[in-house]
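**Student:** Listed below, chain by chain, are the residues.
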Amino acid sequence: MAGSGLAPLRDRPDVLLRVEELVVEFPVGRKDVVHAVSGISFDVAEGETLGIVGESGCGKSTVARAIVRLNDVRGGKVMFEGKNLAVLEGEELRKSRPDLQMIFQDPISSLNPRRKVRDVISEGLKVWGSQMGAWSEGRIDELMHAVGVDPKFGDRRPHQFSGGQCQRIGIARALAMDPKVLICDEPVSALDVSVQAQVLNLLEDMKVRYGLTLLFISHDLAVVKNVSDRIIVMYLGKACEIGAADELYEHPRHPYTRALLASIPEPAPTVEVSEGDIEGELPSPINPPKGCRFNTRCPHADEICYEVEPQMEAAGDDHFVACHHPVAVSIDD
Amino acid sequence: MAEPLLTVRDLSVRFPTTRGVVQAVNGVEFDLEEGQTIGIVGESGSGKSVTAKTLMNLLPRSAEIEGEVTFDGRDVREIAAKGEDHFWGVQMTMVFQDPMTSLNPVKRCGEQIAETLRYHLGHDKKKAISESIDLLERVGIPEPAKRERQYPHELSGGLRQRVVIAMALACQPRLLIADEPTTAVDVTVQKLLLDLLDDLRKERQMSMILITHDLGVARGRCDEVAVMYAGRIVERADSHTLFSDSRHPYTDALLRSIPRIEQPSHTRLDPIPGRPPELINPPVRCAYAPRCRFAQRNCLEEIPDVSGVVGMHSFACHYPANTERGEAALQSNLDRGETAGGLHLHAVAEGAS
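Chains as they are written, first to last, in this note's numbering: chain A, 1 to 333; chain B, 334 to 686.
No lab work stands behind these hints, which were simulated from the structure alone.
Certain hints may be false.
Taking CB as the label site, the calculated pair distances span [stated by the list, open to error]:
| hint | chain 1 | residue 1 | chain 2 | residue 2 | range |
| --- | --- | --- | --- | --- | --- |
| 1 | A | Ser274 | B | Pro616 | 49 to 59 Å |
| 2 | B | Ile398 | A | Leu70 | 44 to 54 Å |
| 3 | B | Ala413 | A | His159 | 43 to 53 Å |
| 4 | A | His145 | B | Arg669 | 23 to 33 Å |
| 5 | B | Glu487 | A | Glu137 | 52 to 62 Å |
| 6 | A | Gln160 | B | His486 | 42 to 52 Å |
| 7 | A | Arg10 | B | Pro597 | 13 to 23 Å |
Listed next, the in silico DSSO-like pairs over lysine-lysine satisfying Cα-Cα at most 30 Å (straight line) [unchecked claim]:
| hint | chain 1 | residue 1 | chain 2 | residue 2 |
| --- | --- | --- | --- | --- |
| 8 | A | Lys152 | A | Lys126 |
| 9 | A | Lys290 | B | Lys459 |
| 10 | A | Lys207 | A | Lys126 |
| 11 | B | Lys459 | B | Lys479 |
| 12 | A | Lys95 | A | Lys207 |
| 13 | B | Lys459 | A | Lys31 |
Glycine included, each C-beta is placed from N, C-alpha and C at the ideal position.
All chains should be built: construct the whole structure from the sequences, respecting the hints.
**Tutor:** Dropping the structure here:
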């Protein structure tokens, strides 16, 4: 699995965020390097939701964090409104921050426990107040109301709220900056099932109400499908397959995507359950396999897979796969 | 039918705290036959882990336990009172959610399994180690002789959980309690671990209690499923019936709130409004009533008995879903626009088919 190549990038005027050949590496020990993200390319059009799925350690969170520069970028570009975020520094970087906001997995630990939630939500606005000119108590009330937290509880502290409400507060904090892109890193993984649906619906509502573009990261295939327009499947720092959500689940081409879909407790009807039995576990990102990175676990791997890294190629209408032996689409009806 | 291996009758667990008494488990009842798997599903705080810990005699002394638990004809609480060390760990064992914290980080994996064998079965060191290598092989760990010498941090999450399973199986237990055994691992690993547990269970005619918040896991892996809410089992049935013909409005709502893989993207979800109740001094009423779309006056005044015992299917609800009585209650609430519990209903949710 490799997924190098710019094929999945679309040449459309409404592309808001465009990531090209993004590389993120972390040094470990004296000379080793963790190849967390190795040349990923994708784009997100305005108003679209892009889902990123993959197992833990595949680099999906690193991609998100690199876009907002919580990680240093080793190579590649992150183009947003004509600027390459990957190389911005100082004041210019700071100025780009309000446009890209993030919500995190653990709703409770991502809020400062010692501050009132009203202050948590308004902090960004206060910092940016002079530039944005929008700071007012009324705005905070409106935001709290929008995410479904009663503004009269604004003087409470995070521990007085449940996990689901804390996640709503985290969303309000992100929305306060009036962002263009909202990056959601496993936003519902820590929540109970009955609360999960509330937060997913809220995100959809906020997307419409505030005209957001979403990057949605999750390991839960059903959740990702529910919120996304397009989905990118990642494996060991590379992209395997990119496509429109329904198409990708309907006609998965990459053996890894098929394995994922076959592994969920109620497998997708489009794959054989036996395909879920891929052997072994994720190889170390310090010494990723040569050729296709999925070759150690792939049932279809042969010589070429150990030598040559597959490139992203079109596999249908808005559907790209990086595999030497993509699974043929069964011709039914 | 033979006597069930495990019977739980009217089990209640309370924890006194500074803020009041927490009623964690309330009147839980179920039977488990030899070789069968029962799934316990519920959200955090529903009492599923406390139930498991009660069976394993792992609760703190402060816990007030009432009710009767019988294992193979013996009263489990009597066994606890006698201090029989070789009951838990031999007859009944448990696998926990997080394999990193349930293994000792400064002991080799093989040694930890051998410890169980030496303590419970009195094996000498050499025999215990060689048997633990066999066990590691049985749970599908490649190169067991090498892994035996390794420490938990040298293994991936999936392998660690296999070590924990090997340890739990070391003394050939008759009942294995698995508390969220796959919550900390990825789907591909989850499938392999659940397959492994299934195989081992069949091979050894072992009974299993599988605790999970994942309805899909419960559906695929259990003979029978019990749904817990606020410390009570609100519905219990064989897994096919539970998922295809549920009666309790909570089960029904849970099933409708989770995103499903076969739905097209952007399908609007049908969430459960509100959140689970406090367990401190709960009022006398159906605990789900404030969130329930079917709720009527009496739901707020009396706790429904477990009823409708048709075959194996039982539930505790005044106005069960998918019945005439329940549908009539729901319709009257929809007509009024709110339930007796004050929950506003939007007809839209119903109208959209």
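**Student:** For each hint, tell me whether it holds in the structure or not.
**Tutor:** Now for the hints, and whether the structure bears them out:
1. A C-beta distance of roughly 51 Å is found between A:Ser274 and B:Pro616, which places it inside the suggested range of 49 to 59 Å.
2. About 48 Å separates the C-beta atoms of B:Ile398 and A:Leu70, a value consistent with the hinted range of 44 to 54 Å.
3. Taken as a hint, the range 43 to 53 Å is violated for the pair B:Ala413 and A:His159, whose Cβ atoms sit roughly 35 Å apart.
4. Distance hint check for A:His145 and B:Arg669: the Cβ-Cβ separation is about 26 Å, which falls inside the suggested range of 23 to 33 Å.
5. Taking the beta carbon of each, B:Glu487 and A:Glu137 are about 54 Å apart, inside 52 to 62 Å as hinted.
6. Look at A:Gln160 against B:His486: about 37 Å separates their beta carbons, and that is not inside 42 to 52 Å.
7. For A:Arg10 and B:Pro597, the hinted distance range of 13 to 23 Å is satisfied, since their beta carbons lie about 22 Å from each other.
8. Restraint check for A:Lys152 and A:Lys126: satisfied, since their Cα atoms lie roughly 20 Å apart, inside the 30 Å limit.
9. Under the criterion of a C-alpha separation no larger than 30 Å, the hint pairing A:Lys290 with B:Lys459 is inconsistent with the structure, at around 41 Å.
10. At roughly 24 Å between alpha-carbon atoms, A:Lys207 and A:Lys126 fall within 30 Å of each other, so this suggested pair holds.
11. The straight-line distance between the Cα atoms of B:Lys459 and B:Lys479 is roughly 16 Å, inside the 30 Å bound, and the hint therefore holds.
12. For the proposed pair A:Lys95 and A:Lys207, the alpha carbon gap of about 22 Å is at most 30 Å, so the pair holds.
13. Using a Cα cut-off of 30 Å, the hinted pair B:Lys459 and A:Lys31 is violated, with the two alpha carbons roughly 41 Å apart.
Hint compliance for this structure: hints 3, 6, 9 and 13 are not met, and every other hint is.
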